[in-house]
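Produce the complete structure using the sequences and hints provided.
There are 2 protein chains.
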Amino acid sequence: METRGYKRPVLGIIGGGQLGRMLIQAAVDLDVEVHIVDPDEDAPCRYLAKTFSHGNYRDYDTVLNFGNGLANHNPVLTIEFEDINTQALEELEGRGVRVYPQPRVIKLIQDKGAQKQFYADNDIPTAPFHLIGNRAEALAYADKGPFFQKLRRGGYDGKGVMKMATAEDFNAAYDAPSILEELVPFEKELSVIVARNPQGEVKAFPAVEMYFNPIANLVEFLFSPAKITAEQEKRANEIAVQIATKLEIVGILAVEMFLTKEGEILVNEMAPRPHNSGHQTIEGNITSQYEQHLRAILGLPLGDTSLIKPTAMLNLLGEPGFEGEAVYEGMDELLKIEGVYPHLYGKRFTKPYRKMGHITVIADTVEELLAKTDKVKGVVKVRA
Amino acid sequence: METRGYKRPVLGIIGGGQLGRMLIQAAVDLDVEVHIVDPDEDAPCRYLAKTFSHGNYRDYDTVLNFGNGLANHNPVLTIEFEDINTQALEELEGRGVRVYPQPRVIKLIQDKGAQKQFYADNDIPTAPFHLIGNRAEALAYADKGPFFQKLRRGGYDGKGVMKMATAEDFNAAYDAPSILEELVPFEKELSVIVARNPQGEVKAFPAVEMYFNPIANLVEFLFSPAKITAEQEKRANEIAVQIATKLEIVGILAVEMFLTKEGEILVNEMAPRPHNSGHQTIEGNITSQYEQHLRAILGLPLGDTSLIKPTAMLNLLGEPGFEGEAVYEGMDELLKIEGVYPHLYGKRFTKPYRKMGHITVIADTVEELLAKTDKVKGVVKVRA
Numbered sequence: 001m002e003t004r005g006y007k008r009p010v011l012g013i014i015g016g017g018q019l020g021r022m023l024i025q026a027a028v029d030l031d032v033e034v035h036i037v038d039p040d041e042d043a044p045c046r047y048l049a050k051t052f053s054h055g056n057y058r059d060y061d062t063v064l065n066f067g068n069g070l071a072n073h074n075p076v077l078t079i080e081f082e083d084i085n086t087q088a089l090e091e092l093e094g095r096g097v098r099v100y101p102q103p104r105v106i107k108l109i110q111d112k113g114a115q116k117q118f119y120a121d122n123d124i125p126t127a128p129f130h131l132i133g134n135r136a137e138a139l140a141y142a143d144k145g146p147f148f149q150k151l152r153r154g155g156y157d158g159k160g161v162m163k164m165a166t167a168e169d170f171n172a173a174y175d176a177p178s179i180l181e182e183l184v185p186f187e188k189e190l191s192v193i194v195a196r197n198p199q200g201e202v203k204a205f206p207a208v209e210m211y212f213n214p215i216a217n218l219v220e221f222l223f224s225p226a227k228i229t230a231e232q233e234k235r236a237n238e239i240a241v242q243i244a245t246k247l248e249i250v251g252i253l254a255v256e257m258f259l260t261k262e263g264e265i266l267v268n269e270m271a272p273r274p275h276n277s278g279h280q281t282i283e284g285n286i287t288s289q290y291e292q293h294l295r296a297i298l299g300l301p302l303g304d305t306s307l308i309k310p311t312a313m314l315n316l317l318g319e320p321g322f323e324g325e326a327v328y329e330g331m332d333e334l335l336k337i338e339g340v341y342p343h344l345y346g347k348r349f350t351k352p353y354r355k356m357g358h359i360t361v362i363a364d365t366v367e368e369l370l371a372k373t374d375k376v377k378g379v380v381k382v383r384a
Numbered sequence: 001m002e003t004r005g006y007k008r009p010v011l012g013i014i015g016g017g018q019l020g021r022m023l024i025q026a027a028v029d030l031d032v033e034v035h036i037v038d039p040d041e042d043a044p045c046r047y048l049a050k051t052f053s054h055g056n057y058r059d060y061d062t063v064l065n066f067g068n069g070l071a072n073h074n075p076v077l078t079i080e081f082e083d084i085n086t087q088a089l090e091e092l093e094g095r096g097v098r099v100y101p102q103p104r105v106i107k108l109i110q111d112k113g114a115q116k117q118f119y120a121d122n123d124i125p126t127a128p129f130h131l132i133g134n135r136a137e138a139l140a141y142a143d144k145g146p147f148f149q150k151l152r153r154g155g156y157d158g159k160g161v162m163k164m165a166t167a168e169d170f171n172a173a174y175d176a177p178s179i180l181e182e183l184v185p186f187e188k189e190l191s192v193i194v195a196r197n198p199q200g201e202v203k204a205f206p207a208v209e210m211y212f213n214p215i216a217n218l219v220e221f222l223f224s225p226a227k228i229t230a231e232q233e234k235r236a237n238e239i240a241v242q243i244a245t246k247l248e249i250v251g252i253l254a255v256e257m258f259l260t261k262e263g264e265i266l267v268n269e270m271a272p273r274p275h276n277s278g279h280q281t282i283e284g285n286i287t288s289q290y291e292q293h294l295r296a297i298l299g300l301p302l303g304d305t306s307l308i309k310p311t312a313m314l315n316l317l318g319e320p321g322f323e324g325e326a327v328y329e330g331m332d333e334l335l336k337i338e339g340v341y342p343h344l345y346g347k348r349f350t351k352p353y354r355k356m357g358h359i360t361v362i363a364d365t366v367e368e369l370l371a372k373t374d375k376v377k378g379v380v381k382v383r384a
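Quick mapping for you: the protein sequence lines, in order, are chains A and B. So in the working numbering, the last spot in the first sequence is 384, and the numbers never skip. So in the working numbering, the last spot in the second sequence is 384, and the numbers never skip.
For the record, the hints were derived by calculation from the structure and aren't laboratory data. Any given hint could turn out to be false.
The list treats identical chains as interchangeable, and a pair is accepted whether it falls inside one copy or across any two copies.
[To be verified] Lysine-lysine pairs mimicking DSS-like chemistry, simulated, CA-CA at most 27 Å apart:
| # | residue 1 | residue 2 |
| --- | --- | --- |
| 1 | K261 | K50 |
| 2 | K336 | K372 |
| 3 | K7 | K377 |
| 4 | K355 | K50 |
| 5 | K7 | K372 |
| 6 | K50 | K7 |
| 7 | K7 | K355 |
| 8 | K7 | K375 |
| 9 | K309 | K375 |
| 10 | K381 | K7 |
| 11 | K227 | K309 |
| 12 | K163 | K7 |
| 13 | K372 | K309 |
| 14 | K309 | K336 |
| 15 | K351 | K50 |
| 16 | K351 | K377 |
| 17 | K336 | K7 |
| 18 | K381 | K351 |
| 19 | K107 | K246 |
Encoded structure:
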């Protein structure tokens with residue numbers, strides 16, 4: 001990006017949640033001037049940006065006005081949440097504004113059907129699937145299940161996903177454009193975060209191994225390096241690089257994968273932004289996912305993704321049964337443990353399973369790490 | 001600090017420069033609500049706090065009003081610069097506001113004479129000195145030199161310090177309360193950062209070895225671990241812990257030291273706040289000096305200060321000959337080097353030797369670190 005030199009870049013972020021917040025922490029070091037638009041007056045980024053526009057990022061005019069307001073300052077626009085108005089972003093891109101990730105990539109990923117089709121078209125391994133338009137079309141597959149029905153649009157964090165096994169399930173299917181995906185018995189869930197800059201440089205982070213909370217269907221706990229073979233690690237990395245390259249994405253991309261019982265790697269889904277499965281890179285890797293995203297979208301060289309030490313991440317979810325102003329119980333006890341990093345997201349109100357923060361744990365070996373993480377689990381409780 | 005639990009603390013920082021900026025980066029993770037007062041409308045913290053009060057922190061009313069404005073929210077007040085109005089802070093402390101470091105500590109350190117006297121009174125090794133009230137009193141020592149004359153008040157970063165060897169020097173002495181300090185031939189300059197919380201827990205960071213820019217008299221480059229013997233490391237640590245304990249300071253304290261040719265350690269001076277010699281702890285140590293300061297003043301347990309990897313820090317100073325809007329040349333080249341972290345302070349305007357940022361370098365061994373740091377030096381130039 002340098003012609004004469006590097007000068008305070010202007011960045012507009014669509015969305016002001018915890019991902020934006022951690023992106024700002026990294027942006028400070030690169031003297032990036034940050035502007036935010038978010039519908040929540042009390043968003044985690046509220047007081048960490050040069051301007052905060054209160055508005056709905058699903059609304060065409062809101063996004064367009066936000067971009068236009070910055071357009072004279074040669075901005076880069078990015079997202080921290082993909083369910084936003086891409087039409088406005090396309091309009092801005094057409095007027096010469098740099099929008100990274102590109103609106104066409106966001107649109108592709110917003111539609112789980114198009115996403116699956118992209119994998120199929122590009123020889124990227126994924127679970128077999130059928131695209132259906134409504135419940136009636138689902139019924140045609142009633143004797144071929146079980147499947148997961150996934151809404152093509154709007155689902156996230158396990159919302160918009162339903163298991164379909166019995167005739168009853170099929171009768172209760174979502175009556176909307178969906179995919180029916182075959183159930184793959186898997187050994188582990190993995191994630192690989194990859195970044196690509198406009199110059200075409202592509203770098204992936206080491207794979208992380210993820211465990212989900214069965215009730216909230218959220219990542220509860222993950223660690224890196226994943227306990228997989230060197231060959232599986234290589235394969236996971238290759239797939240992520242292949243996707244980023246084919247998409248010609250600019251920015252960061254999280255690729256969630258299944259490691260099947262047979263040792264095969266299948267892509268589950270992807271997100272074109274910093275991701276829950278990359279939080280631990282702040283402490284664990286030479287370059288964090290946030291810095292890497294900034295480097296990519298600002299056209300800077302990508303950073304070294306190597307692990308410094310084995311690292312785990314625990315999500316800090318609102319305790320079931322509590323709703324109101326957040327109180328973090330057990331912080332003292334937590335902070336007495338060495339090599340443990342709380343990241344609170346600055347959300348004033350907690351509710352059951354709301355992502356309120358995360359805790360990173362580092363250790364010298366994976367065994368030590370897992371033992372320590374077990375000790376850390378449940379020490380802090382978010383109540384009201 | 002926990003009675004029922006940890007709840008968003010309110011922090012007022014007197015000063016909004018780079019130290020405040022990096023303190024905020026750490027405060028974000030602890031969901032600290034930050035308020036700033038600074039005379040510079042364009043201060044590095046300008047857009048990173050919930051409120052920014054534009055005012056002179058040397059002014060009694062400004063500081064008092066700032067503190068009073070927060071007083072209903074059970075705040076902690078801290079500083080990122082010691083040349084501020086302590087009278088107002090004492091007034092606020094008297095009204096029950098937590099002010100850390102305590103105003104009496106700030107006052108002691110503001111006065112280099114009182115600081116030296118504190119060392120003398122507490123058997124803390126320091127270079128021999130004489131307190132003088134004016135130039136006439138200096139002249140009485142004209143045949144006993146050479147000395148450094150240091151103004152008791154207002155000096156920093158080498159300002160207010162003069163070498164006094166010849167009769168001419170003595171005739172040109174500062175005509176103000178000063179210390180005359182004997183010149184100590186030293187081998188190295190060291191710094192140890194130490195923190196103490198209200199519970200009385202005290203922890204020091206490993207020593208760093210510092211090199212100064214002879215023209216600007218600013219730290220140009222430093223690294224940790226220092227190349228000193230285990231015994232010297234232990235002694236440096238002991239002295240820092242002894243000072244923090246005697247002062248009963250709450251917060252962080254940087255203790256600058258000389259290692260004499262004879263291997264003795266003498267205290268040079270101290271600063272009761274995050275310090276230039278602790279910037280590299282962000283990447284290099286389990287806990288950073290910023291997080292440690294927050295833990296201390298919020299009454300949380302102190303963090304592990306161990307080094308993760310050998311780490312160096314280079315100050316990024318404005319190039320001589322350039323004044324105006326800052327442009328960073330060589331950022332691309334810098335960011336191609338692995339394990340290198342620029343921290344730009346967000347100052348819009350550069351001038352010769354202005355502290356515009358710093359670069360942290362990490363490596364697996366001290367030898368590798370020093371070689372890499374040599375490579376990094378001069379890659380980035382701050383011009384206008």
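Cross-check of the supplied hints:
no.: 1; hint: K261 / K50; in the structure: neither (49 Å within a copy, 51 Å between copies)
no.: 2; hint: K336 / K372; in the structure: within (13 Å within a copy, 35 Å between copies)
no.: 3; hint: K7 / K377; in the structure: between (43 Å within a copy, 20 Å between copies)
no.: 4; hint: K355 / K50; in the structure: both (25 Å within a copy, 22 Å between copies)
no.: 5; hint: K7 / K372; in the structure: between (43 Å within a copy, 25 Å between copies)
no.: 6; hint: K50 / K7; in the structure: both (16 Å within a copy, 26 Å between copies)
no.: 7; hint: K7 / K355; in the structure: between (35 Å within a copy, 16 Å between copies)
no.: 8; hint: K7 / K375; in the structure: between (45 Å within a copy, 23 Å between copies)
no.: 9; hint: K309 / K375; in the structure: both (18 Å within a copy, 25 Å between copies)
no.: 10; hint: K381 / K7; in the structure: between (43 Å within a copy, 12 Å between copies)
no.: 11; hint: K227 / K309; in the structure: both (14 Å within a copy, 25 Å between copies)
no.: 12; hint: K163 / K7; in the structure: neither (51 Å within a copy, 39 Å between copies)
no.: 13; hint: K372 / K309; in the structure: both (14 Å within a copy, 21 Å between copies)
no.: 14; hint: K309 / K336; in the structure: both (20 Å within a copy, 22 Å between copies)
no.: 15; hint: K351 / K50; in the structure: between (29 Å within a copy, 24 Å between copies)
no.: 16; hint: K351 / K377; in the structure: within (19 Å within a copy, 50 Å between copies)
no.: 17; hint: K336 / K7; in the structure: between (41 Å within a copy, 18 Å between copies)
no.: 18; hint: K381 / K351; in the structure: within (12 Å within a copy, 49 Å between copies)
no.: 19; hint: K107 / K246; in the structure: within (15 Å within a copy, 63 Å between copies)
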